[in-house]
Amino acid sequence: MKGGTGMTGQGPRRADATRNRAAILDAARTLIAAHGTDVGMDRIAATAGVAVGTLYRHFPTKHDLVAAIVADLGVMIGETLGSALASIGEGRTTARDEIVALLHRVVVTMGRERLLRDAVADVGRESLRPVLDHAVDSLAELVAAAHREHGLHPDVTVDDITLLLAASPGADVPEPARLRWVELARRALVPDDGTGRH
Numbered sequence: 001m002k003g004g005t006g007m008t009g010q011g012p013r014r015a016d017a018t019r020n021r022a023a024i025l026d027a028a029r030t031l032i033a034a035h036g037t038d039v040g041m042d043r044i045a046a047t048a049g050v051a052v053g054t055l056y057r058h059f060p061t062k063h064d065l066v067a068a069i070v071a072d073l074g075v076m077i078g079e080t081l082g083s084a085l086a087s088i089g090e091g092r093t094t095a096r097d098e099i100v101a102l103l104h105r106v107v108v109t110m111g112r113e114r115l116l117r118d119a120v121a122d123v124g125r126e127s128l129r130p131v132l133d134h135a136v137d138s139l140a141e142l143v144a145a146a147h148r149e150h151g152l153h154p155d156v157t158v159d160d161i162t163l164l165l166a167a168s169p170g171a172d173v174p175e176p177a178r179l180r181w182v183e184l185a186r187r188a189l190v191p192d193d194g195t196g197r198h
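For the record, in the sequence shown the residue sitting at position 31 is 31 according to the UniProt record's numbering, with numbers rising by one throughout.
Take the hints with a grain of salt, since some may be wrong.
The calculated EDC-like cross-link candidates involving lysine to aspartate or glutamate, where the alpha carbons are at most 16 Å apart (straight line), are [stated by the list, open to error]: (1) LYS62 - ASP26; (2) LYS62 - ASP38; (3) LYS62 - ASP42.
These are computed hints drawn from the structure, not numbers from a lab.
Take the sequences, apply the hints, and build the full model.
Structure follows, in structure tokens:
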């Protein structure tokens with residue numbers, strides 16, 4: 001009977017651990033985005049509503065915590081680009097429009113997370129490399145698809161897109177200016193007639 005009782009209690013404990021981990025990651029993303037990686041682990045624990053010991057059981061070091069955020073970002077990036085490629089394959093959108101939408105999302109929607117992205121790149125550089133490599137591969141597929149559609153200037157490369165993303169304005173720039181940046185980037189990538197033909 002004792003063994004059965006122990007097994008019965010493992011489900012709720014696992015669920016609690018999963019909830020705690022999610023709360024910690026959510027708090028860490030919010031605080032690092034606002035204050036950078038100098039934010040204390042005790043503050044992250046307090047914001048997550050867990051004991052400091054619980055935080056350290058999940059993430060023994062700040063590097064471990066940021067690496068977990070990187071992994072989550074990797075999943076998000078993969079899902080975003082995978083969804084874009086699927087939409088193109090099904091004819092529901094164009095590669096050009098997906099590239100412009102990606103610029104808009106990074107610059108406008110994710111502008112408030114620029115500090116987080118910088119922090120992740122700084123603290124989790126080794127962990128970030130596989131994520132970036134996968135993202136660049138998917139982005140290269142988008143660029144190739146856009147060229148097949150004649151939706152970009154013929155000389156636009158995936159390196160050009162990654163350079164634009166790396167140089168994109170952050171949350172310290174007013175949103176109207178960020179929107180203007182996206183429009184200027186679109187004009188640089190897409191010919192006036194919307195095709196890559198001259």
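Review point. Which hints from the list above does the structure break, by number from lowest to highest?
Key: none
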